[in-house]
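On the provided structure of chain B, position chains F, H and R as indicated by the hints.
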Amino acid sequence: MNILLTGAAIAIMFTMLLALIRALMGPTVFDRVLAVNMFGTKAVLLVAVFAFISGRPDVLDIALLYSLLNFVGVVAALRLVQRGKEYAQKKLEEDAQ
Amino acid sequence: MKLTASLSLFLSALWLLLSGHYDILLISMGVASVLFTIYMSHRMKIIDDEGHPIHLKGQFFKFWFILSGKIFTSNIDVALRILGVKPIQPQLIKLKLDQDSDLSKVIYANAITLTPGSASLHIEDGYLFVHTISREGAEELLNGDMAKLIPKGITGENQ
Amino acid sequence: MNLDLIADITTAILVSFGCFLGIIGGLGMHRLGDFYSRLHAVGITDTLCSFLILSGLAFQAGLTLVTVKLILVFLFLFFTSPTASFSLANNAWNWGLKPENLPVELAESYEGDDS
Amino acid sequence: MISLTIDIVLLIFLLVMAFAILRVHHLLAVAMMFGLYSLLVAGLFMVLDAPDVAFTEAAVGTGIATVLMLATLAVTRVTHEKELKKTNKRALFIVVVTGGLLLYGTHDMSNLGDNMAPAHTEVAKRYIEKGQEETGVPNLVTAVLASYRGFDTLGEVTVVFTAGIGVLLLLRRKQKPRIKGIQGGR
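Residue numbers (our numbering), protein chains in the order written: chain B, 20 to 116; chain F, 1333 to 1491; chain H, 45 to 159; chain R, 8 to 193.
Chain B with its partners taken away, still in its complex shape:
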């Protein structure tokens, strides 16, 4: 069973790598945030799988914490984008017209 879970952990890390590459390449900031979000989700899964590999289920609490924090981080970032500079610039142009 441990071999299977090890394989699962490696597969999850591979997915994390793919998401990381997208976060580095991402043409827009939204692509980056999307990739960061996906990376966080996969990190939660990795922690959960690792808890079973190492046989210490109390590590699952960290997965719980991550799954909430990931969401907080994404929403906080987007609140910022919403009133970022470009958005403000657009508003100013609209007001001027």
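No lab work stands behind these hints, which were simulated from the structure alone.
Check each hint, because a few of them may be wrong.
[Said to hold, decoys possible] Below are the DMTMM-like pairs computed for lysine to aspartate or glutamate, each with C-alpha atoms no more than 20 angstroms apart in a straight line:
1) F/1418 to F/1468
2) F/1402 to F/1471
3) F/1480 to F/1430
4) R/137 to F/1355
5) F/1480 to F/1432
6) F/1418 to H/48
7) R/132 to R/121
8) F/1426 to F/1471
9) H/142 to F/1456
[To be verified] Heads up, incomplete: computed chain H residues facing chain B, CB under 10 angstroms, no partners named:
10) 50
11) 93
12) 123
Glycine is no exception: its CB is placed at the ideal position from the N, C-alpha and C atoms.
This is chains F, H and R only, laid out in the frame that chain B set:
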């Protein structure tokens, strides 16, 4: 009052399940944290039907059952499209929101986002802008398949 | 003994299928052309992939508090992911990011058609 | 074996992330990547058998630090960093010297998992054997932090509290709309 009681019951159950240790010191800490959370929620005025919808009971099970089936099939569909078995045809469509309350609009938009292959983008003048990855998915949404699923008669206001 | 074997096989099937879906989602991040299409790839990893992996782990844990925690992890992911996706997509839309690769005439004819 | 693999992969991710933070010039993306960086560090702590430190790192590094950094970005006007053309020699010197000192310092640390290290032979035994009955806290690390080293933790909490007040004072806004300032600024 009913909402507060059910919220505190829910929070205590959550605390007991997460802690796993049941002696007097820890339980009293749990009670204190539950009370503090209830107090904060009262101050933020978020204990209402929308924040804690206990009036959505029976019809929700059917909704979740059908929705999970849809999520499953659309996952497979999108996976096949990524692997190149089916073509990728992005579409942008506009759906009329004729739900009666804000809560059911939220459920509708989130149900669309939850099924991969369609994501709601924007709400404007009673229309919902949806991006789908396939034409079939777009036609399905335009036929109103998802709209029929949303539980009827739930209003966010009645106490 | 026999029951353990069944649980192990179920876990094996669920977890490997979940990981497979996860890798597909990761590939989708690169195969799909623009930001709005990539949202769907993330949708895969957020819903079915995490559900399969976590439920596979739950079969290993049995009926204990660990399973409750796994269910909670899944519920948090499941309820927060559409909100995060929507706020991301809505921000991109408000910011003025336009979807690419749209067959324009189709999009036009669909837009008028509602109900 | 698997923890070694996870260790190596996470360390490689950390390196990639560090270079990414150096290369990417969009500050919002940089703040999100810092969050991921500390998430990876927390993962390393978890693999090194320190779930409590991982917990703290996740809550503080990924949660609060990211939110504070984003809040700071929200009150600044420009989200794009200015590109530095030439290297700052003095900064490079300080970084190299500090790094060298830290590397030198690791020589005095006992090896990872060494049974005969001083920390494991004297006090740890008592903490492990009597921790729960003496403090009544089921988690050992919490018992050490909050009870045995209570004054130490009190000092740390004071430092964190002061830092928090400082951040709050810095982030407090004097006037409400900051958007108008763009016209006059720059």
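(request) Quick one: which hint numbers does this structure break? Sort them smallest to largest. (result) Result: hints 6 and 10 break, sorted rising.
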